[in-house]
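Start from the sequences and build out the full structure, keeping to the hints where you can.
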Amino acid sequence: MNTIWIIAQGTFGEAMRRKILNVFLLVAIAIIIMGFAFGSLDPRQEMVTVRSIGLGIIELAGVFISVILSINLIPQEIERRTIYTILSKPVQRYEFLLGKFVGGLLTVLANIALMGAVFFLLVSYKEGHVNVAILKGLLMTFFQLFLVCSIAVFFSAFLSPFVNFFLTFAVFLLGSMSSVIESLGTQDSKKSIIAVDFFKVLHLILPNFGNFNIENPIIHPDVIVTNEFHYFLITIGYAIVYSAFVLTAAVLIFDKREL
Amino acid sequence: MLSSNSRNLLVIVIVILLFPIAFLQKSIDPWRAQYETDLDANVSNKVMGDLPIEFALPAVTGFKEAIAGLLWVRTDEFFDNGDYGAVIPMIRMITWLDPKDVDVYETGAWHMDYNFTDADQRSDRRYIPLALALMREGIENNKNVPDMAGDMAFTHYFRKLGDFVGAVQYFAMGQQSMEDLDKQSDAQPNNLELLDVRKTGDNSITTTSHGLAHAYEALGEIPQAEAQWQYCIRRHELNIKTNVGNVYSDKSSLQVAQKQLYEMQQRAKWRPLDTKPPVDFGFSAELVRVAPKIFVVKGTLTATGAEKYNLETHQVTWGPVDGCRVEYRLSDAGYIMPQLATFGLIGNKLDDDVTIMQDSASARKGTWQRKVDMSQDPDMYSFTAPKYTLTFWFNPSNPADCPPNVQDRIGWLGEGLAHTKYSDDSGIIPGNEVHPVQGLHLYKKTITLTRDDLLGLSKQTVFD
Chain A
1 MNTIWIIAQG TFGEAMRRKI LNVFLLVAIA IIIMGFAFGS LDPRQEMVTV
51 RSIGLGIIEL AGVFISVILS INLIPQEIER RTIYTILSKP VQRYEFLLGK
101 FVGGLLTVLA NIALMGAVFF LLVSYKEGHV NVAILKGLLM TFFQLFLVCS
151 IAVFFSAFLS PFVNFFLTFA VFLLGSMSSV IESLGTQDSK KSIIAVDFFK
201 VLHLILPNFG NFNIENPIIH PDVIVTNEFH YFLITIGYAI VYSAFVLTAA
251 VLIFDKREL
Chain B
260 MLSSNSRNLL VIVIVILLFP IAFLQKSIDP WRAQYETDLD ANVSNKVMGD
310 LPIEFALPAV TGFKEAIAGL LWVRTDEFFD NGDYGAVIPM IRMITWLDPK
360 DVDVYETGAW HMDYNFTDAD QRSDRRYIPL ALALMREGIE NNKNVPDMAG
410 DMAFTHYFRK LGDFVGAVQY FAMGQQSMED LDKQSDAQPN NLELLDVRKT
460 GDNSITTTSH GLAHAYEALG EIPQAEAQWQ YCIRRHELNI KTNVGNVYSD
510 KSSLQVAQKQ LYEMQQRAKW RPLDTKPPVD FGFSAELVRV APKIFVVKGT
560 LTATGAEKYN LETHQVTWGP VDGCRVEYRL SDAGYIMPQL ATFGLIGNKL
610 DDDVTIMQDS ASARKGTWQR KVDMSQDPDM YSFTAPKYTL TFWFNPSNPA
660 DCPPNVQDRI GWLGEGLAHT KYSDDSGIIP GNEVHPVQGL HLYKKTITLT
710 RDDLLGLSKQ TVFD
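The listed protein sequences correspond, in order, to chains A and B. Sequential numbering from 1 applies to the first sequence in the numbering used here. Sequential numbering from 260 applies to the second sequence in the numbering used here.
Read the hints as simulated data drawn from the structure, not as lab findings. Please read all numbers here as calculations on a predicted model, not as lab measurements. Do not take every clue at face value.
[Stated by the list, open to error] Derived lysine-lysine pairs resembling PhoX-like cross-links, with alpha carbons at most 25 Å apart:
#	chain 1	residue 1	chain 2	residue 2
1	A	K191	B	K624
2	A	K200	B	K285
3	B	K402	A	K126
4	B	K458	A	K136
5	B	K510	A	K136
6	A	K136	B	K285
7	B	K442	B	K402
Structure below.
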């Protein structure tokens with residue numbers, strides 16, 4: 001565990017120095033601030049637009065940061081040949097992979113925290129009270145990115161960064177449309193049973209990023225959600241179990257990979 | 260490198276993990292309805308397919324509400340340009356993207372019911388079933404917003420359709436939703452967000468609960484109306500005492516409720532006496548064709564009402580009064596307003612072959628008259644059916660057609676109107692066959708017209 005943590009710390013330090021990620025972070029923060037100007041586009045519900053744009057930007061920037069960071073975590077080490085130095089020490093391959101993943105995750109957490117803090121403070125200032133609901137949205141966004149990172153790391157165990165980039169985004173988009181896939185899996189007279197069963201299975205095994213989209217009640221404060229804590233618990237559980245699933249697969253593949 | 264045993268173990272772990280993943284997803288699915296709309300797959304797919312690509316991609320990644328807001332701005336532009344056909348698909352997309360935006364449901368349905376008009380500002384009544392379906396969906400998706408049901412009751416059933424049975428149903432639903440909110444809030448006293456929602460909900464007493472009392476009164480159900488006004492008074496007093504809601508507004512509304520209750524109780528005392536003997540308002544109606552699709556509707560209605568009335572002492576002066584309205588409706592013979600199950604994209608296409616025109620005219624000094632020009636709007640009035648039904652009626656139960664000082668003479672349901680050849684006790688108000696009103700006495704005249712009658716070229720052809 002200590003080995004994983006040391007690798008994670010090194011990865012985090014290195015990632016935070018990467019200019020491209022910092023550019024994403026700064027652009028996102030700028031758009032969040034500018035989002036307050038977009039509110040006037042929909043004068044009836046100014047804060048609805050502001051909250052929606054802010055949370056959306058944090059999610060989208062978070063996804064870009066997660067993907068760009070995670071797809072390079074392992075290939076970069078191979079390209080620079082630093083992996084050989086590390087693996088020549090008493091470090092198992094799975095420890096290296098998990099350390100890289102944890103380091104990447106810490107970087108994503110730091111980025112989310114920075115963007116979230118700016119957004120949280122601005123919304124609270126604008127609304128004149130502390131908006132705790134925003135923090136719930138940030139928490140769920142983090143666990144969504146947790147899943148994105150684990151999938152990107154899984155693909156990075158056997159794919160080039162270029163292919164990985166598009167594949168991870170494709171999975172993210174598909175997984176974000178989970179409600180559409182779920183509705184395709186409902187029986188009606190026009191659909192064949194095979195198609196319905198296919199979409200049912202697809203809905204259950206695809207990583208459903210839509211599960212983490214809880215913006216609607218945050219954006220509309222008059223919406224009451226029952227047993228929210230329970231929902232958060234099972235959704236976070238889903239992110240952890242799903243990530244464990246793909247990371248275990250990644251460990252198996254990476255372990256066999258010719259370096 | 261992992262040992263063979265470790266690898267086998269990991270393979271087993273991977274296979275086993277698939278089960279909790281599926282189980283957790285199954286557990287999450289029922290909860291998702293709280294966060295996104297639960298629409299038929301065909302509608303969802305159609306909406307996604309119809310969204311421009313620049314909107315579709317952000318919509319699936321967490322920008323749904325922002326995209327909905329931007330599309331709503333665009334919808335306003337379509338409305339301002341009179342492009343009504345484009346407005347409805349936009350409303351479908353927006354409410355799919357953001358099912359909690361009550362503003363879109365309320366404003367969208369209001370546009371459909373009132374603002375899609377002909378050259379003479381008469382609304383296109385073919386949109387009413389769509390507006391009702393949209394509001395039903397909005398209520399279903401926003402059960403804890405009492406104003407949604409209240410708006411359905413007032414804007415659509417009470418004002419637009421004059422359907423007080425439907426209005427009672429939805430006002431009561433809104434009031435129930437308000438009480439449910441109170442119970443939830445009482446059960447979780449530390450939930451400040453819920454308290455905020457409750458405060459907003461409790462402001463609906465003035466609209467929803469007062470509206471319910473008015474709707475009961477319009478149906479002549481006076482004991483229920485009285486009980487409802489007393490309920491409103493109790494709720495306002497409680498709100499003022501517990502400092503929930505807007506205290507200033509509650510104090511003002513409390514006075515209104517007390518005044519309404521007092522006046523209704525007095526009227527309930529005197530009207531059984533005042534409505535005797537029955538009075539004949541001399542209702543008549545006729546249609547004059549001026550040119551193809553252009554008509555003059557006219558007739559008589561000599562309303563009698565209280566010129567002066569002291570409700571406390573029952574000192575009253577009866578005389579001829581203005582302010583009543585006669586309604587008229589022309590529609591394809593046999594047309595009955597459809598009840599749409601859902602506000603879907605596919606079912607939203609209007610039937611271009613249906614012609615419906617409805618309006619009203621004010622009676623002054625015993626006569627009423629109005630020019631009806633349907634020649635400017637062929638899209639709205641296609642006149643493709645071979646036969647049409649034209650109905651004129653005077654509805655004493657509708658406050659928009661019969662002011663209270665006239666009701667003082669003829670009662671809440673027209674029980675003081677003398678029976679004439681135009682009397683109708685079916686309780687059915689034209690255009691609303693779903694909810695007949697028990698005990699209602701209308702004056703109604705119905706004429707069947709052929710297509711040639713309406714489109715003929717000769718002037719001054721009179722139907723009476």
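Cross-check of the supplied hints:
1. For the hint linking A/K191 to B/K624, the alpha-carbon distance of about 65 Å lies beyond 25 Å, and the restraint is violated.
2. For the given pair, A/K200 sits about 10 Å from B/K285 by alpha-carbon distance, which is consistent with the 25 Å threshold.
3. Between B/K402 and A/K126 the CA atoms are separated by roughly 28 Å; this puts the pair beyond 25 Å, and the hint is violated.
4. A hinted pair counts as satisfied when its Cα atoms are at most 25 Å apart, and B/K458 with A/K136 qualifies at roughly 23 Å.
5. Our distance criterion of 25 Å between C-alpha atoms is broken by B/K510 and A/K136, whose separation comes to about 38 Å.
6. This hinted pair checks out: A/K136 and B/K285 have alpha carbons roughly 22 Å apart, not beyond 25 Å.
7. Under the criterion of a C-alpha separation no larger than 25 Å, the hint pairing B/K442 with B/K402 is consistent with the structure, at around 14 Å.
Hint compliance for this structure: hints 1, 3, 5 are not met, and every other hint is.
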